[in-house]
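S.K.: Line by line, the protein sequences give chains Z and C.
Just so you know, we're using our numbering here: the first sequence kicks off at 483 and counts up by one.
Just so you know, we're using our numbering here: the second sequence kicks off at 31 and counts up by one.
It is possible that some hints are incorrect.
[Stated by the list, open to error] Simulated pairs of lysine-lysine, BS3-like, Cα-Cα distance not exceeding 25 Å:
{"no.": "1", "chain 1": "Z", "residue 1": "Lys-527", "chain 2": "Z", "residue 2": "Lys-565"}
{"no.": "2", "chain 1": "Z", "residue 1": "Lys-527", "chain 2": "C", "residue 2": "Lys-77"}
{"no.": "3", "chain 1": "C", "residue 1": "Lys-85", "chain 2": "C", "residue 2": "Lys-74"}
{"no.": "4", "chain 1": "C", "residue 1": "Lys-85", "chain 2": "Z", "residue 2": "Lys-565"}
{"no.": "5", "chain 1": "Z", "residue 1": "Lys-527", "chain 2": "Z", "residue 2": "Lys-559"}
{"no.": "6", "chain 1": "Z", "residue 1": "Lys-527", "chain 2": "C", "residue 2": "Lys-74"}
[Unchecked claim] Examples of chain Z residues toward chain C, derived with CB under 10 Å:
{"no.": "7", "residue": "Leu-493"}
{"no.": "8", "residue": "Asp-509"}
{"no.": "9", "residue": "Ser-513"}
{"no.": "10", "residue": "Ile-521"}
{"no.": "11", "residue": "Gln-523"}
{"no.": "12", "residue": "Lys-527"}
{"no.": "13", "residue": "Gly-528"}
{"no.": "14", "residue": "Glu-530"}
{"no.": "15", "residue": "Trp-531"}
{"no.": "16", "residue": "Phe-534"}
{"no.": "17", "residue": "Tyr-537"}
{"no.": "18", "residue": "Pro-545"}
{"no.": "19", "residue": "Ala-580"}
{"no.": "20", "residue": "His-587"}
{"no.": "21", "residue": "Gly-593"}
{"no.": "22", "residue": "Val-600"}
[What the hints assert, rightly or not] Counterexamples of contact, computed for chain Z against chain C with all Cβ distances above 12 Å:
{"no.": "23", "residue": "Gly-494"}
{"no.": "24", "residue": "Ser-505"}
{"no.": "25", "residue": "Ser-512"}
{"no.": "26", "residue": "Gly-533"}
{"no.": "27", "residue": "Lys-559"}
{"no.": "28", "residue": "Lys-565"}
{"no.": "29", "residue": "Asn-583"}
These are computed hints drawn from the structure, not numbers from a lab.
Quick reminder that beta carbons are idealized off the backbone N, C-alpha and C, glycines included.
Given next are the chains, with one letter for each unit.
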Amino acid sequence: QVQLRESGPGLGKPSETLSLTCSVSGDSVSSRSYYWGWIRQPPGKGLEWIGFMYYSGSTLYNPSLESRVTISVDESKNQFSLKVTSVTAADTALYYCARLNGPGHYFDSWGQGTLVTVSS
Amino acid sequence: QSALTQPASVSGSPGQSITISCAGTSRDLGTYNLVSWYQHHPGKAPKLIIYEVIKRPSGVSDRFSGSKSGNTASLTISGLQAEDGADYYCWSYVGSNTWVFGGGTTLTVL
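This is chain Z alone, in the form it adopts within the complex (with noise of 0.2 Å):
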C-alpha cells in the first residue's frame, strides 16, 4: 500500500519561495507506471493541479502556474519536491502530493496535505 507523506515550513513570507517535499514508502518515484504529482487548495476553494513528473525526469505544469513551479525528484531518499517562487497571498493553500497512474490519467493515491500560509 503506497503511502505519501507531505513536509514543509508552514509559513512563508511574499516573494520567497516556497519548497515542499513528499516522501513516498510502499512504492518507487522511479516506477515507470506512475507520475508523482502535486495539488493545492486555497482556502474556500477548489482543487488546483500544480503539476506531475515522471521518473525520467520529464515534468508537466499548469500553465497558469509554470513560470513560477518546479518539480523534482531524488530517487536517493524516495522523495519528490515542489519549489514555487516569489509567492504571494494567493499561494495560501493545503498543498496535496498524490500519485498519478499513467496510462488511465489519474490520481490514485493522495498525502494528507500540508497548509501553507503566505504572509508578512
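Following the hints, position chain C against chain Z.
M.R.: Relative to the frame of chain Z, chain C by itself:
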C-alpha cells in the same frame, strides 16, 4: 485554458439518488475518456471513486457510478447515506498536455 463546470451544490435525502455533472467541450470531455471523480471530506485526503469515466476502484461502494454523454460526465450516488456528504471533484485530461479539476460540488445529505 479549458474549464470543467460542476454545480456548486446538490442535496438529497438518505436513500435517494443524486447526480453530479461535469461539463466540458467537444475538445476535451467529448474527445477523451479520462474523467475521474474524487470524494473529499475536509481535513482528509481526497479519495478516488471513479476512473476512466465508468470504472470503480476496488473497495469503493457500488452505490457510486460514472457515465458520460457527449461533452458531459456524470457521477451518480444511489442510496444516499449520511457519510456521502462531502465535496466531489471531476478531473480530466483536456489535451495539449493539460489536465484540470472541475470547480467542485458540495453534496449535502439532508
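S.K.: Compare the structure with each hint and give your call.
M.R.: Okay, the hints, checked on the actual structure:
Distance hint between Lys-527/Z and Lys-565/Z is fulfilled; the C-alpha atoms sit about 21 Å from each other, no more than 25 Å. Our distance criterion of 25 Å between C-alpha atoms is met by Lys-527/Z and Lys-77/C, whose separation comes to about 17 Å. A distance of roughly 23 Å separates the Cα atoms of Lys-85/C and Lys-74/C; the hinted pair therefore holds under the 25 Å criterion. With a C-alpha separation of about 34 Å, the suggested pairing of Lys-85/C with Lys-565/Z is violated against the 25 Å cut-off.
For the hint linking Lys-527/Z to Lys-559/Z, the alpha-carbon distance of about 33 Å lies beyond 25 Å, and the restraint is violated. At roughly 15 Å between alpha-carbon atoms, Lys-527/Z and Lys-74/C fall within 25 Å of each other, so this suggested pair holds. Interface restraint check for Leu-493/Z: the shortest CB-CB distance to chain C comes to about 19 Å, outside 10 Å, so the restraint is violated. With a least beta-carbon distance of about 15 Å to chain C, the hint placing Asp-509/Z at the interface is violated under the 10 Å criterion.
Annotation: interface hint on Ser-513/Z violated; nearest CB of chain C at approximately 17 Å, more than 10 Å. Below 10 Å, beta-carbon pairs count as interface contacts, and Ile-521/Z has one with chain C at about 8 Å; its hint therefore holds. Because the closest C-beta pair between Gln-523/Z and chain C is about 8 Å apart, less than 10 Å, the hint holds. The beta carbon of Lys-527/Z is positioned within 10 Å of a beta carbon in chain C (closest approach about 8 Å), and the interface hint is therefore held.
At a threshold of 10 Å, the smallest CB-CB gap from Gly-528/Z to chain C is about 4 Å, leaving the interface hint in force. Annotation: Glu-530/Z was flagged as interfacial toward chain C, and the flag holds, the nearest CB pair being 7 Å apart, inside 10 Å. For Trp-531/Z, the shortest C-beta to C-beta distance to chain C is roughly 5 Å, which falls under 10 Å, so the interface hint holds. The beta carbon of Phe-534/Z comes within 9 Å of a beta carbon in chain C, closer than 10 Å, and the hint placing it at the interface holds.
For Tyr-537/Z, the interface hint is violated, the least distance from its beta-carbon to any beta-carbon of chain C being 17 Å, above 10 Å. Among the interface hints, the one on Pro-545/Z holds; its C-beta lies about 6 Å from the nearest C-beta in chain C, closer than the 10 Å criterion. Given the 10 Å rule on beta carbons, the hint for Ala-580/Z holds: about 8 Å separates it from the nearest Cβ of chain C. Among the interface hints, the one on His-587/Z holds; its C-beta lies about 4 Å from the nearest C-beta in chain C, closer than the 10 Å criterion.
For Gly-593/Z, the interface hint holds, the least distance from its beta-carbon to any beta-carbon of chain C being 6 Å, beneath 10 Å. A distance limit of 10 Å between C-beta atoms decides the matter here; for Val-600/Z the minimum to chain C is near 21 Å, and the interface restraint is violated. The claim that Gly-494/Z lies off the interface holds: its Cβ sits roughly 22 Å from the closest Cβ of chain C, which is beyond the 12 Å cut-off. Listed as outside the interface, Ser-505/Z is consistent with that label: its C-beta sits roughly 15 Å from the nearest C-beta of chain C, beyond the 12 Å cut-off.
Residue-level check passed: Ser-512/Z sits 22 Å from the nearest beta carbon of chain C, beyond 12 Å. Not every CB of chain C is more than 12 Å from the CB of Gly-533/Z (nearest about 9 Å), against its label as outside the interface. Separation of Lys-559/Z from chain C is adequate, the least Cβ-Cβ distance of about 22 Å exceeding the 12 Å criterion. For Lys-565/Z, the non-interface assignment is confirmed: its Cβ lies about 20 Å from the closest Cβ of chain C, beyond the 12 Å cut-off.
A cut-off of 12 Å between C-beta atoms contradicts the statement that Asn-583/Z is not in contact with chain C; the least separation is 7 Å.
In summary, the numbered hints that this structure violates are 4, 5, 7, 8, 9, 17, 22, 26 and 29.
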